[in-house]
Amino acid sequence: MVDIAFGPERGKRPDTASIQDSYLEMVRRKRMYGGILLALFIATMASGWVLADSRNAGGFWNGILNVFEFPSEVVAEAWEKRALIPALFVEHIPSLIETLNIAAVATLLGGLAAMALSLLATRGLARWPRMIPVFRRSMDALRAIPEIVIALVLIYILGGGPVPAVIAIALHTGGALGKLFSEVAENADLKPVEGLQSVGASWSQRMWLGVIPQVAPNWLSYALLRFEINVRASAILGFVGEGGIGYDLKLAMQWGQGRYDDVVAIFLLLFAAIVVIDRTSDHFRNRLVKGR
Amino acid sequence: MAAVDTTLATQIVGGFARKRLFAFAVPAMILLYLAYTAVAFDLAGLASRARMDNAAILLSDFWSHKTHVTRDNRTGEVTAAVEGEAKGAYPAGTYPDWVSVAGTVTTIDLGTGHVVTYDASGASMVVPDYGTIDIRPEGNRLVLTAPEPLPDWINASNTRVSVTTPAGRFNYTRSKVETFRYQAGWELFFFTLDSPFAGKGPLELAGLALWGDRVDPDRSNFGYMVSEVWTNKMWRHSDVVWALFETILMAFLGTMGAAIIALPLGFLAASNFNPLGPLRFAFRRVFDFIRGVDGLIWTIILSRAFGPGPMTGALAILITDTGSFGKMFSEALENIDDKQVEGVRSTGANSLLRARFGVIPQVTPVLISQVLYFLESNTRSATVIGAIVGGGIGLLLTQAIQTQKDWEEVAYYMTLIVLMVMAMDSLSGWLRRKLIKGE
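Chains as they are written, first to last, in my numbering: chain A, 1 to 292; chain B, 1 to 439.
Some hints here could point you the wrong way.
Stated by the list, open to error - List time: in silico DSSO-like cross-link candidates among lysine-lysine, alpha-carbon distance up to 30 Å:
no., chain 1, residue 1, chain 2, residue 2
1, A, 290, B, 66
2, B, 339, A, 290
3, A, 179, B, 19
4, A, 179, B, 327
5, A, 179, B, 434
6, A, 191, B, 19
What the hints contain is simulated information worked out from the structure, not anything from laboratory work. Given the structure is predicted, the values throughout are model-derived calculations rather than measurements.
Construct the entire structure; sequences and hints are all you get.
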């Protein structure tokens, strides 16, 4: 009877010793490659830190001792004036709302743009299949431009205020969400779309009634995640540009000593807002994606 | 026939009505919210605050440059300089080929029939389809002779006359007379005017580099050219390259450092590796705290301690991402398959070996893809963080924007940032495919 495990010719039967040898050889080679990669990585990291340290104004070892100096100075002053902090909370709430509004409007506008862009850039759903690469590349470009670049240029044209930040964040959001949305839409079931097509629905009707209901939970979950990110971005843009709680923080920091109670109040407000938003959005995202 | 039970029908019809209401209510809410923010952001006032002239300057600077031809009316000296900057000045006695100087008469050809002439007794400008604008100083005031009525692109007072045409601008004051000519392109991008290679075409340069006589006997023409480009004072290519490198360095050091620190912490925060509930809880809250404090605040605190520079930026990214990685890694570790760990345990391996051979191979793909994803997005963040801590391309960009005149440099940096981010995107995508899917 033929040994079907090794084929008809007996001569081809591999002997166990050579299997073991080649296995050990492979393991050795893998270990060597891994070791070389690891050594390279460690060397890159070490030289990178040394280089970054040498190009920094203050050295690492000087700085590490001072890390807590500034926070403790701030906290000490704030502790002395702790009675004033609740009033400062109230004072800064309008700017916090402005920051949140910037993030929310930018997420909304960016999300709406992303909806259109993603449907136009998804294979099988696109209105003009030939234009798919154009929409994809434009989303890549939108994603690649950091918000700060657009914001600073727009501040020059439009003057300060929240609108430049909204436009900047919305453009970036459109690109970033567009990519995620399109990945979700790619997996959508095409049967409802075909059904709608058979009764003569237009492209927008097919998308609105056939695709959006399928992808809405995932899209919403991504949009919420993006909102979290945008709140942080909007605070940072305020610090660099103008508007919102970031700008208040910058003013208080520039004032320096004497306004540290202000700094602490803003820190706490921002921290609380971020934690609350993260928690809420986590909760809703879990419900949306996993279903309760 | 039995009576049809209508409760189902009413339920469904009710459901439809509710859905229909919902379908209108959501867009209506969004619209209401947008209307509220439009008021809150003072969108109406924006139109009056918007500076469309700034937008025009910006757009024209993005793709063109201007050359100033200036005569000092006291000394009679005529100078030409790109963007009016000392770094872009033509060497004394030399001018662009559209400017000719003969004794006290300077003729500037702005193209399309616009000609400006500076002479001993004043200056004049010929504008096609309009006529000649002639300016003579008399005592303390300027006398303007031009076809009446004056069009709105001529702005004249007793002390100053300025003419704006599509071909260029012309300004006359008692102390000096200036003409600006706009030309397409980014001038002096490779060589400044004091370089021996300035104003030469690509073919000529290639010829010089390959077989021309040495301009500087000490080094080859090619090496000289490279060093001239590298040290270009107008565009500062060496600084820009360093800044880009610093930005990528910040992102790399921050992301990798955070991953290295977060990996052991992730084990300590995962319920299947750390049996001590309170310790686990403490680590989780630490991660939450770090993430909640936000990169902005970490950046501010660190830049107080370490001063401006790339290391501060790298540390800021490191701290912020340690929180995110810690959370993600511990979640990935909790989702592993226990069978492999059991298998390794059955050979008598201790907990360290179990982690190395039973756990790490399972989670590596997840971890690598997360780390690469963060590296990608941190390249963008490093630009912003660089603007705050003062390092990398972010700093150059904010400086160029704040001076509000070198918009061509802003355009240059923006292009470079977009290219850098796209390059990092494709690099991380390539690495992800290579490392996770295997070749």
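Hints, one by one, checked against the model:
no., hint, result
1, A/290 to B/66, "violated, 60 Å"
2, B/339 to A/290, "holds, 25 Å"
3, A/179 to B/19, "holds, 29 Å"
4, A/179 to B/327, "holds, 24 Å"
5, A/179 to B/434, "holds, 21 Å"
6, A/191 to B/19, "holds, 22 Å"
When held up to the earlier numbered hints, the structure conflicts with hint 1 and nothing else.
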